[in-house]
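K.L.:
Here are the chains, one letter per residue:
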Amino acid sequence: MNNAHGVAKKSGDGQATGDSATGGSANGGSVSNGSALRLANVSRSFGTLEVFRGLDLEIGHGEFVAIVGPSGCGKTTLLNLLSGYDEPSSGTVTRAGAVRMVYQHDGLFPWLTAAGNIELGLRHIAAAAERKRQLDELLTLIRLENFAAHYPHQLSGGMRQRVEIARALAGDSDILLLDEPFSALDYLTRLRLRGELARLLRERPRTVVFVTHDIEEAAHLADRIVVLSERPARICCELRLDLERPRDLTHPVVVDAVKRILDVMGLRAAPA
Amino acid sequence: MIPSPTDLYQRDRALSDAPLTDAALSDAAPGPSTSPANASPVPMTSRILLPTLVALAALALWAVLSASGLLPPYSFPSPLEVAQGFGLESAQGRLLDNIIASLFRVTVGFTLGAALGVPCGLWLGNSSRARAALLPHINFYRCLSPIAWIGFAITWFDIGDKSAIFLIFMATFFPIALATIAAVSSIPAVYFRVARDYGFRGRELLMQVTLPAILPQLITALRVTAGLAWVVIVAAEMAGAQEGLGFAIMDARNGQSPDLLVVNMIVIGLVGVTIDQLVVRLTLLPGVRWGYER
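Chains B and U supply the protein sequences, listed in that same order. So in our numbering, spot 178 of the first sequence is number 178, and the numbers just go up one at a time. So in our numbering, spot 61 of the second sequence is number 333, and the numbers just go up one at a time.
Source of the hints: derived by calculation from the structure; they are not laboratory data. Some hints here could point you the wrong way.
Claimed, not checked - These stretches of chain U come out as covered by chain B in the derived footprint (C-beta under 8 Å, 3 or more residues):
no., region
1, 367–373
2, 462–473
3, 484–494
Treat the numbers as computed from the prediction; the structure is a model and nothing was measured. Every residue gets a Cβ at the ideal spot worked out from N, C-alpha and C, and that includes glycine.
Given the sequences, and given the hints that come with them, work out the whole structure.
P.N.:
And the structure:
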């Protein structure tokens with residue numbers, strides 16, 4: 001592994017980590033063909049529950065891919081496979097670069113300040129001065145300079161998620177995995193944070209996999225939307241959106257994408 | 273005494289342009305209200321004034337009952353007798369000596385109980401096999417009143433400090449270990465995932481993730497256990513000591529001096545409250561406030 005965060009095997013407290021990889025080299029190795037993440041013929045079962053069967057997915061460098069699908073279809077399992085937290089029953093997962101995860105909520109350590117939490121992402125930097133410089137830069141980037149010494153419980157939900165994203169952007173991570181990062185927020189905050197994320201990615205380009213159940217959110221942000229079917233999940237539709245970010249929510253491309261995904265998922269009301 | 277979440281939220285809004293400083297944090301401590309946003313339902317002056325009034329009322333009632341003969345001297349001493357007893361006890365230095373003797377035993381026993389109970393709880397909290405083997409036994413000893421050990425304590429350690437410390441240890445170790453186990457098992461799984469993402473392992477994981485994650489619950493457990501230790505020391509000293517507040521209680525009873533009995537009861541209560549006030553200050557540490565404010 002070429003990074004410190006990718007494939008730690010044991011998490012100390014013995015949570016289920018699916019060490020049953022029979023598919024050989026599931027981790028590590030650089031990808032020669034230029035993609036940042038690649039799932040090749042990946043299957044994952046938990047006992048008799050088959051979540052994926054023969055899934056193929058390739059994500060290019062700098063691409064923003066949103067994964068949507070019905071709840072319980074395995075979106076989170078997919079992220080766990082991509083991050084290396086979980087391993088496939090068969091097939092291979094390849095990732096080129098360091099992976100960072102942004103959680104739904106409560107992913108910040110409540111006993112550390114906003115600055116302390118962001119510094120977790122800078123732990124690998126030995127020089128204190130350099131750490132401090134990068135910390136200040138990140139705090140400025142997420143516009144929370146004045147909240148460096150605040151603890152998570154003293155911040156609003158939106159501020160907390162901004163700190164989480166800053167922590168994941170810290171250092172030299174290449175790939176961001178976001179697990180419904182805005183789902184715990186109210187609609188207006190969610191809209192604002194979509195704009196925030198677009199801005200942050202312009203400043204710090206990353207390969208992004210964004211799992212969401214919010215179709216509009218996917219269409220608002222992603223270069224490519226992957227729609228998963230019910231279990232065992234397969235990719236039932238892929239959609240490319242060629243539109244600069246930040247996007248207007250009512251832009252025809254965005255609206256059209258929402259319509260098409262609703263169609264695919266059978267969620268559009270029949271015209272009266 | 274601890275401000276409500278709403279108060280603190282408002283306070284934080286008010287402070288939003290300034291980093292949280294020590295001054296801002298001490299605002300969370302019981303102290304005079306400095307801003308309207310921090311106004312708690314009961315102002316600080318009342319929080320001292322009201323209990324004092326209640327104490328004075330109780331004292332007055334007691335004096336009236338004694339003076340009227342409803343509470344004859346042989347059944348309960350008058351306030352005046354108790355005040356005289358208090359003067360006598362403190363003038364001879366006995367009172368202070370007894371307080372120091374009891375406090376010393378509680379401090380040593382409680383420190384030993386916590387110093388061994390917390391690591392033991394962390395270990396059991398992290399090892400399901402060890403937990404399966406030992407949890408029922410820890411529960412067994414927790415349910416066993418430490419006073420039951422007094423006979424063996426005196427046989428093994430003789431009368432005095434050592435046997436009292438042993439009893440305090442037996443009173444505190446098991447509940448502290450149990451509380452630690454419970455706290456570890458309630459740590460949200462996401463913290464361990466984040467810890468893993470950012471490369472925490474082994475000792476670092478324990479000291480920088482597990483321990484801070486349980487600290488608020490641990491402090492609450494320490495507070496309860498410190499109170500328990502103070503209750504137990506009086507019983508322990510009644511049989512197994514030649515000084516200390518428990519011994520003084522026994523001595524006053526044997527000497528048939530109800531005034532001294534009341535003097536020592538008042539002192540025991542006051543010292544207990546003071547210990548609690550000291551331990552509760554731990555909850556003001558900035559790194560644990562999250563556990564009490566959401």
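K.L.:
Between the region 484–494 of chain U and chain B, are there enough contacts, at least three residues with CB-CB distance under 8 Å, for the coverage claim to hold?
P.N.:
holds (count 3)
K.L.:
Are there at least three residues in the region 367–373 of chain U whose beta carbon sits under 8 Å from a beta carbon of chain B?
P.N.:
Answer violated; 0 residues pass the 8 Å Cβ test.
K.L.:
Are 3 or more residues of the region 462–473 of chain U near chain B, judged by a Cβ distance of less than 8 Å?
P.N.:
holds (count 12)
The structure shown violates just one earlier hint, number 1.
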